[in-house]
Amino acid sequence: MTIDYQIDDPENANLPHPNGHGPLGADMERRDGRDKVTGAARYAAEHAPDGLLHGVLKRASGMGTVCLTNVQEVEALAGVRLVLQDERMIRNAAQGTAGEAPVQGVDTADYIGQPVALVVADSSEIARDAANLLKVQSVGDDLPVLPKHGETDPDMQENSVTGKPQDAFDKAPVLVDATYTTPSLTSAAMEPHAAVAEWDGDRLTLYGSLQMLRYNRAELADCLGIEPDQVRLRAPFVGGGFGSKLGISADCVAAALAARALGRPVRVVQHRRQVFEVNTRRSETRQRIRLASHSDGRLTAIGHEGRVSNLPGEEFAEPLLQASYFNYAAPHRLLRSEMVRLNRPAAGSVRAPGAAVGVTAFEIAMDELAQKTDVDPVELRLRNLPDKEPGNGRPFSSHRLADCLTEGRDRFGWSDRAAQPRQRREGEWWIGTGMAAAVRVNLVMDAEARVRLTPEGRAVVETDMTDIGTGSYTILGQIAAEALGLTVADVDVTLGDTDLPPGSGSGGSVGAASTGTAVWLACAEIRRDIAARMGRKPEDLELEGGDVIVGNDRRPLMDLLSGETLSGHGKLAPGEALEKVRQATWGAVFAEVAVNDITGEARVRRMQGTFAIGRVLNQRTARSQAQGGMVWGLGLALTEAMVHDARDGHVVNRDLAEYNVPVHADVPYLDVCLLDDQDE
Amino acid sequence: MRPFDYQRPAAPEAACQGMSASPHAAYIGGGTNLIDLMKLGVMAPDLLVDVNRLGFDTIKDLDDGVEIGATVRNSDLADDPRIRVRWPVLSRALLAGASAQLRNKATTAGNLLQRTRCPYFQDIDVPCNKRKPGSGCAALGGELRNHAILGTSEHCVAAHPSDMAVAMQALDAQVVIRDADGQTRTMGLDHFYRTPGDTPHIETRLNPADLITGVRLPAPLGDRQVYRKVRDRASYAFALVSAAAVMQLKEGRIEYAAIAFGGLGTQPWRDPKVDALLTGARPSEALFEKAGDVLLRSAELREGLEFKKPLAHRVLKAVLTEATQ
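Going down the list, the protein sequences come from chains A and B.
Here the first sequence is numbered in the numbering used here, starting from 1 and rising by one per residue.
Here the second sequence is numbered in the numbering used here, starting from 1 and rising by one per residue.
Below, in silico cross-link-like pairs of lysine-lysine (DSS-like), each with a Cα-Cα straight-line distance of 27 Å or less:
#1 B/Lys273 to B/Lys317
#2 B/Lys250 to B/Lys317
#3 A/Lys388 to A/Lys580
#4 B/Lys309 to B/Lys290
#5 A/Lys36 to B/Lys105
#6 A/Lys388 to A/Lys164
#7 B/Lys132 to A/Lys135
#8 B/Lys39 to A/Lys135
#9 B/Lys132 to B/Lys39
These aren't lab readings, by the way, just hints derived from the structure by calculation.
Please take these sequences and the hints and turn them into a complete structure.
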């Protein structure tokens with residue numbers, strides 16, 4: 001049996017609610033934390049089946065038709081098993097939730113850095129050396145690599161006009177008209193992309209570093225020309241993804257093909273330098289933002305026009321405008337974006353696609369407006385909050401931005417600040433403060449999970465959901481424990497295996513809400529069975545401390561099971577709720593920043609973030625996510641940029657010494673406040 | 001990584017012998033740079049001679065200075081009480097470099113001999129005169145940031161990445177070298193490096209099989225010592241501009257000045273004209289401005305590096321101000 005549930009209304013009234021004093025929502029450390037810090041948790045590349053061979057991807061160093069000129073010479077090297085060039089190899093990582101093969105082929109290099117061959121050898125050192133010795137010639141015409149040279153793709157445009165924005169801009173008492181650019185950015189997950197592939201007859205098992213297994217399985221099968229049920233993916237631990245592991249990457253396909261060809265398991269680990277070019281980057285952007293307002297800062301018109309890029313054939317466009325549809329009220333609105341086709345590494349989802357750069361630029365423009373109108377930046381935002389979604393009048397399922405702004409303002413001590421620049425100095429350092437609103441759409445995706453309640457009174461949660469460092473193992477255990485009246489220690493959670501029911505995967509912040517609900521539904525089915533055994537209705541049932549309680553009747557769960565295992569299967573589907581209401585998460589971030597008067601160096605001294613993100617399942621893992629997001633913001637604002645060589649577009653700074661993610665010394669105290677927030 | 005032989009001799013003679021055995025041999029100390037470059041295919045020695053067991057791992061007192069063994073770790077050197085008290089500029093420079101993990105491993109001689117972090121040097125798919133003599137320079141016309149504006153040529157614009165060597169340059173350090181015949185000589189650090197010219201692959205005046213056994217620091221000639229480093233993030237980043245100052249003041253005048261720079265030159269940069277301008281003069285804003293003009297008189301500001309000139313000017317002025325206050 002399965003409990004199917006579709007979210008048609010925002011309030012989820014049909015689902016049982018936690019009682020508020022169980023394990024759900026607790027501040028609980030990661031269940032897998034100890035395994036991770038002691039090395040007991042095994043990541044993809046650490047799986048070493050007998051007879052393992054090692055593959056290294058070879059990149060194209062130019063664009064155009066590819067020719068490998070010394071294959072025989074390289075294959076003759078001691079320890080080299082194979083130089084694989086197979087038309088099924090992929091040009092770049094698949095886009096998130098693609099569920100099908102990305103562009104395939106190795107005959108042509110569309111960007112510098114594209115993998116065009118795999119060298120397999122007895123050791124990774126031999127394979128790497130052989131790959132270095134392999135010569136790749138590419139012959140072709142110059143292709144566009146700079147945004148100003150790219151052609152606009154007519155099929156990838158977004159254009160939304162409400163009212164008469166141009167008139168409003170022309171007649172505005174106050175107008176901000178500013179253009180911002182942001183550079184390409186990379187995910188820089190700690191674990192490089194890796195795959196270990198092993199065939200048993202026609203069946204492939206692949207350990208990978210992947211975020212969304214149900215889609216990844218279909219992508220890999222499609223690449224290889226086999227059925228999805230011939231593919232088993234396993235990703236029990238993933239060392240960060242941030243979007244770069246949403247889709248399968250070149251290592252998976254190449255490892256599977258080589259393992260097939262050689263009849264032995266093959267491991268392919270992307271070198272850190274390859275991680276920067278084979279997997280999707282966040283597109284560079286140019287954004288023109290126009291804000292027309294009354295003299296008191298109330299907006300009359302919003303204009304947000306963007307330009308992003310992607311490699312030909314990729315259907316992902318950085319969704320810059322996503323939040324601009326509903327962040328602030330204004331009767332006249334102009335939202336446009338275009339995409340140019342560039343022969344740079346493919347663009348795709350990187351943490352908070354669209355919002356990270358779109359909201360940031362918009363919020364900077366809001367500060368320009370605050371300056372022009374002499375309205376306090378927090379107050380300016382409060383004055384412009386919509387009560388319904390602008391343009392279409394949809395209600396918000398929850399709108400807590402005002403609460404985030406005011407709570408954050410108070411916690412930060414915003415009112416103590418010097419509102420004008422250059423008012424506070426400590427030695428060589430100018431001290432300033434700033435703030436921005438944070439807005440992000442909320443999504444839910446299809447998800448399934450199975451829960452078994454064993455005769456010993458232990459629960460086992462099973463789904464192919466991944467834990468990419470976010471805490472899935474922990475929160476899914478908390479949910480099952482809450483639903484079945486157990487402690488978290490009584491719940492085993494098995495993840496990251498496509499033999500298990502397909503969860504949502506991790507991406508777009510959907511995992512906890514989607515797979516978590518599927519686990520809750522599976523538990524609801526078990527509760528229904530228990531109630532039936534007692535001849536009662538499920539809603540009369542209370543499960544607590546391993547006991548079943550109905551009225552005055554309290555018995556141990558184990559007695560009731562009498563040696564049997566109860567099993568529940570939950571299946572969640574997004575429903576009409578997403579259409580009926582605008583769902584979003586809200587936040588406000590405040591920062592105190594020091595800028596050196598001599599050198600221009602900027603150092604963040606403290607940050608405060610207040611967020612309304614729905615029901616908090618685990619205070620600690622949620623806080624950790626918020627802090628991580630704030631660190632990303634710091635990197636986005638101050639340190640991170642992928643540098644493309646202007647001549648050929650190749651990524652120049654493709655290692656972690658030259659691509660500057662913030663280090664500990666860059667990150668100050670981060671105060672996080674999570675507001676209790678539920679759609680009611 | 002290319003297959004290679006490995007030796008770990010217990011005496012300098014054997015080390016030099018090992019190096020003489022192959023034109024493609026390399027000494028290895030901490031390996032924090034060499035191993036990376038071997039993995040990338042940038043360097044491919046066929047023999048590694050490990051110098052870690054040669055007994056050069058202590059800091060010895062000399063008459064009025066110290067001799068730092070070639071394999072003294074950067075973190076041990078930075079923490080040494082003698083260094084911290086008498087040559088604090090060196091401690092500060094060391095601690096401004098790399099990360100704690102790297103400093104625990106990296107050696108004194110290895111730090112002097114580390115290779116540039118020019119990204120084009122590290123990319124075997126593009127031309128680089130330093131990596132492959134005569135192949136051209138992909139950095140010219142490319143993306144420049146961690147590159148040099150002093151001492152460059154049309155063949156190479158790579159900057160020397162060390163912080164430690166900048167402080168040593170200001171401290172008149174002497175490199176102690178044992179040659180293949182077992183003779184020991186010393187070479188001033190100001191003479192140790194070569195500007196790239198048309199042979200950027202030859203970076204020092206060491207002969208093949210020369211073994212650095214240590215670095216001598218004479219007694220410091222100034223008790224005012226400052227190290228300042230400007231970088232793109234707060235730690236674990238190479239200098240955009242750094243400056244080490246060792247100065248002595250007497251009766252309101254600068255009695256002694258030795259200023260060295262990182263991030264600006266193809267080698268740890270010291271310009272005698274800057275020191276000469278400052279020596280004997282009274283500290284003033286005008287003097288410091290002029291020092292910057294002298295330092296940067298022949299700076300080559302290629303596209304992307306224009307910011308280094310005003311930045312170097314400001315940093316120099318701030319360092320001189322701090323050192324003379």
